[in-house]
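Reconstruct the complex from the two isolated chains, following the hints.
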Amino acid sequence: MVFGVALTSLIITQQTSIFVGLMSRTVGFIWDTSQPDLWIVDPKAQFVDDLKPLQDTKLLQVRGVEGVAWAVPLYKGSLRARLSNGTFQTCNVIGLDDATLVGGPPTMIEGQLADLRRADGVIVDEAGANGKLAKRSTAPGVPPVPLKVGDTLELNDNRAVVVGIARTTRTFQSQPVIYTTYSRATRFAPRERKLLSFVLAKVRSGTSHQEVIKRIAQQTGLAAYTPQQFKGITIRYFMRNTGIPINFGMAVGLGFLVGVAIVGQTFYSFILDNMRYLGILKAMGASNGILFLMIGLQTALVGFIGCGIGMGIASLTSILAKNSELAFWMPWQIPVITILATTLITLLTIIFSLWKVLRLEPAIVFRG
Amino acid sequence: MQSAVSCTAVTKSYISRTSVTPALRGIDLEIRDGELFMLVGPSGCGKTTLISIIAGILNQDEGSCVVYDQNMKAMSDIERTSYRGKTVGFVFQAYNLIPSLTTTENVSIPLLLNGYSRADAHQRSEEVLVQVGLRDKLKTVPTELSGGQQQRVAIARALAHNPRLIVCDEPTSALDHTTGEEIMELFRADTVKGHRTLVVVTHDARIFKFADRIGVMDDGKITKVVSSPAELAD
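If you read the sequences in order, they're chains A and B.
Under our numbering, the first residue of the first sequence is numbered 1, with each subsequent residue one higher.
Under our numbering, the first residue of the second sequence is numbered 1, with each subsequent residue one higher.
In isolation and in its complexed conformation, chain B is listed as follows (with noise of 0.2 angstroms):
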């Protein structure tokens, strides 16, 4: 299977006044094109640092971060920015939603900002938002739906312009269990129907089912790969 993240000896540290904080101490990581891949560990680990600079939004120190053929590491500003806005979809554990737009228009910013006319954008994001299960709430600003929905409508937000590759961070840390697992079923069918790339940060050992594989990460470096579950008890 091709590779969709490469991680080799990848170091970040943050660097304060008085102090020097290593969060990544030399990573090693291949992400397989359209699996759905979990990162878990302590809180401090690393885990957030590590998607940060899979989706382009950090810098690393050292060693090589290659994202669907690209080099993270190689990129200008701007080409880092073009590659967040076609290649890389977020989902956030507080949902991030513009309060002041409906659900279409929260949907419609990743179409835009890829060029899309508006007319366009609100009907491409119309059609993912019934695709997550929100056909009766296209005009609905997000204070008005449920935390269930407003995941929902990130999610939409997340796939409206088909990008290769999602980063979630805790995307079902602020749901309850079964609209957690509704969430975690409409990225595994998106995974499998898109042929798309999802890193999950999570502490939700429910979800861990849904994953291809789990990553476990302990004090800045991966320290074990799993295929299942029932593997991280060993």
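So that you can see chain A by itself, here it is in the shape it has in the complex (with noise of 0.2 angstroms):
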């Protein structure tokens, strides 16, 4: 029974860890970006990546709304890099507004923002500087080495200097993302009409955000978003065009039904086992509330005892997946969540077992 309820505790947290984890890197170029109060993109715009670019004049048009006390441009496009061993690998490049650097990457290991200021300098993220972006041997059996501080690399067949490495929120696709300045950015990509993918701004402080929202959308005719409100969009876009929820939802329900039906079965067949005792209880002048108490307080403690190991696995798992491609995210809500299900599993077991001692006839005890 404790195995039952800690398969289905570890079933229920790392499925919704999982989930929570891949809907959190949908938005990990967001939670990176902190210094803006505002994303600015095109109206048709429906979640972080669906790029529409903007002429570089609506840069000027929102920098002119009043209540704002900055704007910068930032380009956001993927672009091929083609690797020491002659294979391309596909790079988010995010282009920073030459002057100030604003929406650089949250955290540097190697090297320093500013460098970017240095000729065809570009960071790159950690895990796309060990993984992806690695140089591999051309002779089989030599692991590949990472890509370090002074190596270079080619983008779009533009030759660019690696200047500081940074760790970032891994993204949906688990692509390698470079940071480079705006106006090298949008020479690496290809031409078009229009590269500007985002306008950030500062709101000036004492001012509405929402009195700002309605003032740029009004003058530019562009959609002003909170980083709040532009996660919630990229989220609910997820949420509702793809097969994640689904997918994730139906492992879960399907813990919780294996759960019930573990559980449900191995405590039933418990209770069968046992119901001669609980027979001579009863006949011994063990009342009903008695029995409901003693099989309530087991049940729960099975239940403790099996969420806490179910529970405890799945942590250690994501403490063991750190480093890996795995997408594990385990906020509060998630305990709760499983410790919720565990004692709906629990009740539900409690009152189809009860169900059976309430009927219990106590003659029993003299039946052969």
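These are calculated hints, taken from the structure and not from any lab test.
Please note that the accuracy of each hint is not assured.
[Claimed, not checked] Chain B is nowhere near these chain A residues, computed Cβ spacing over 10 angstroms in every case:
no.: 1; residue: Leu7
no.: 2; residue: Pro43
no.: 3; residue: Gly121
no.: 4; residue: Asp151
no.: 5; residue: Gln218
no.: 6; residue: Gly249
no.: 7; residue: Val258
no.: 8; residue: Leu293
no.: 9; residue: Ser324
[Stated by the list, open to error] Which residues of chain A face chain B? A few of them, derived with a C-beta cut under 8 angstroms, are:
no.: 10; residue: Ile280
no.: 11; residue: Met284
no.: 12; residue: Ser287
no.: 13; residue: Pro362
no.: 14; residue: Ala363
no.: 15; residue: Val365
no.: 16; residue: Phe366
Each residue gets a CB set at the ideal place from its N, CA and C atoms; glycine is no exception.
Pasting the structure below:
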């Protein structure tokens, strides 16, 4: 029974955490770009990666809106990097405002953000540098060498020099992330009429964000979102338009059903096996209330231990998978959900089994 | 002598979907306070049904059964549960000790159900276990005991809360002759000492000599009540 509850809570915790982890990766870029108050995009953009480039003049229009303290351009696009062994790897290239470098990576591991001002300078994310962009030898069995400061890359036939390594939130597609300046990024990118992906803006202190959002919409025809709103619409897009929620929902639902089946069946068998002893207790004067309490306590204890084991294993998995591709994030709400689900399973089991106890005739004790 | 059990025209039938099987067909029986009364008769004659009604774990269909001035039929389920807990002790053919509990813990069950604290229950249980000759088995689990020792534990459990009535279902049938006699000696001594009433259902003719009276049952009726085993043959 403990195994059943543990398995259920493990499945529920793990699948929900992976689901939340995946969803958080969809908004990881917004998370990492913490300075702006507003993200300004084409009104048709449905989520953060739904890039509908804007005309450069839109930046100036936003800067002209009352209540905007500053506004900077941000480029985001997918470019192909040519690796040392001749293969290609698609990368997310982020172009930061040349002057301010607003929108840079949250944590620098090597180098500094200002190093982007060096010629052909790019900053590569740690996971990309150690993984998909690592230098691979053509000789078999030789492990890849992580990309380091000073190494060069070829981005869309343009030379780029690694000037820093940064830690970023992994992206949904798990592609390497490369930061550079806006002007360099637009030089690396294929020629297009419009290349401005976002305008990042700061609201003047003391001004209502919602008021500024309204003004931007009226004066520029663009949509402006707070980071929270932008995360919200991105997550909602993925929830509505991908099979992720239903797939994980199925796994979590199945985990719950497996739990109900295993725990219910095991506990029911336990009750049947011990029917004689319950009958003896009833014959000796144990009221239904005492038997309920006894069985309830026993089930609750099993639920508590099983839930603890399941969540413990799930947490251990998260620790072991910390630096892997596994998208695992367990905010406090997930253990609460798991505890509630386990409690529900335990309650269902108690109700199911107690029905049998309630109908138990103490006269069973005299049967052979 | 005061009456412990008084049954008048008690009937009981078991009803299934397809049939009605009469088990008791009008039992009239008087069991005196402090006596060791045995119920004998062929299998299926209704002995176990009768002690189940006397013990308050089964309802009769008709008639009246009064145990120590308490009318069984008039009691609610809660009152009946309380009655069993306070007034009745049980001894079963298969001992029915809870295997995961020690002897002391098994004997403590009726005491705990009667509101004793754990410490008091354990103390009283140990006293009774010593009385039945299990001084060195206080912390032993039932599976480590012989059949006779297990039955002694069952007797200790039946006696621990000092009930006025003890019902026993074939208490010696799983035991050898010597152990069976020892068990009945215990019962006999306790009945005399404790002014307790014992109703024993048995097939075991070897223990008839311990009875004050023997009620013979057949086909759901008491056919005769005798005072000595010798009268059974008549």
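Comparing the hints with the structure gives:
1. Leu7: The claim holds: leucine 7 of chain A sits with its nearest Cβ about 25 angstroms from chain B, beyond 10 angstroms.
2. Pro43: At roughly 70 angstroms from the nearest Cβ of chain B, proline 43 of chain A sits farther out than 10 angstroms, so the non-interface label holds.
3. Gly121: 72 angstroms, holds
4. Asp151: Non-interface label on aspartate 151 of chain A holds, nearest chain B Cβ at 67 angstroms vs cutoff 10 angstroms.
5. Gln218: 75 angstroms, holds
6. Gly249: 41 angstroms, holds
7. Val258: At roughly 28 angstroms from the nearest Cβ of chain B, valine 258 of chain A sits farther out than 10 angstroms, so the non-interface label holds.
8. Leu293: 12 angstroms, holds
9. Ser324: 44 angstroms, holds
10. Ile280: Cβ of isoleucine 280 of chain A sits 5 angstroms from chain B, so the hint holds.
11. Met284: 5 angstroms, holds
12. Ser287: 5 angstroms, holds
13. Pro362: Holds. Min distance 4 angstroms.
14. Ala363: 5 angstroms, holds
15. Val365: 6 angstroms, holds
16. Phe366: With Cβ-Cβ at 5 angstroms, under 8 angstroms, it holds.
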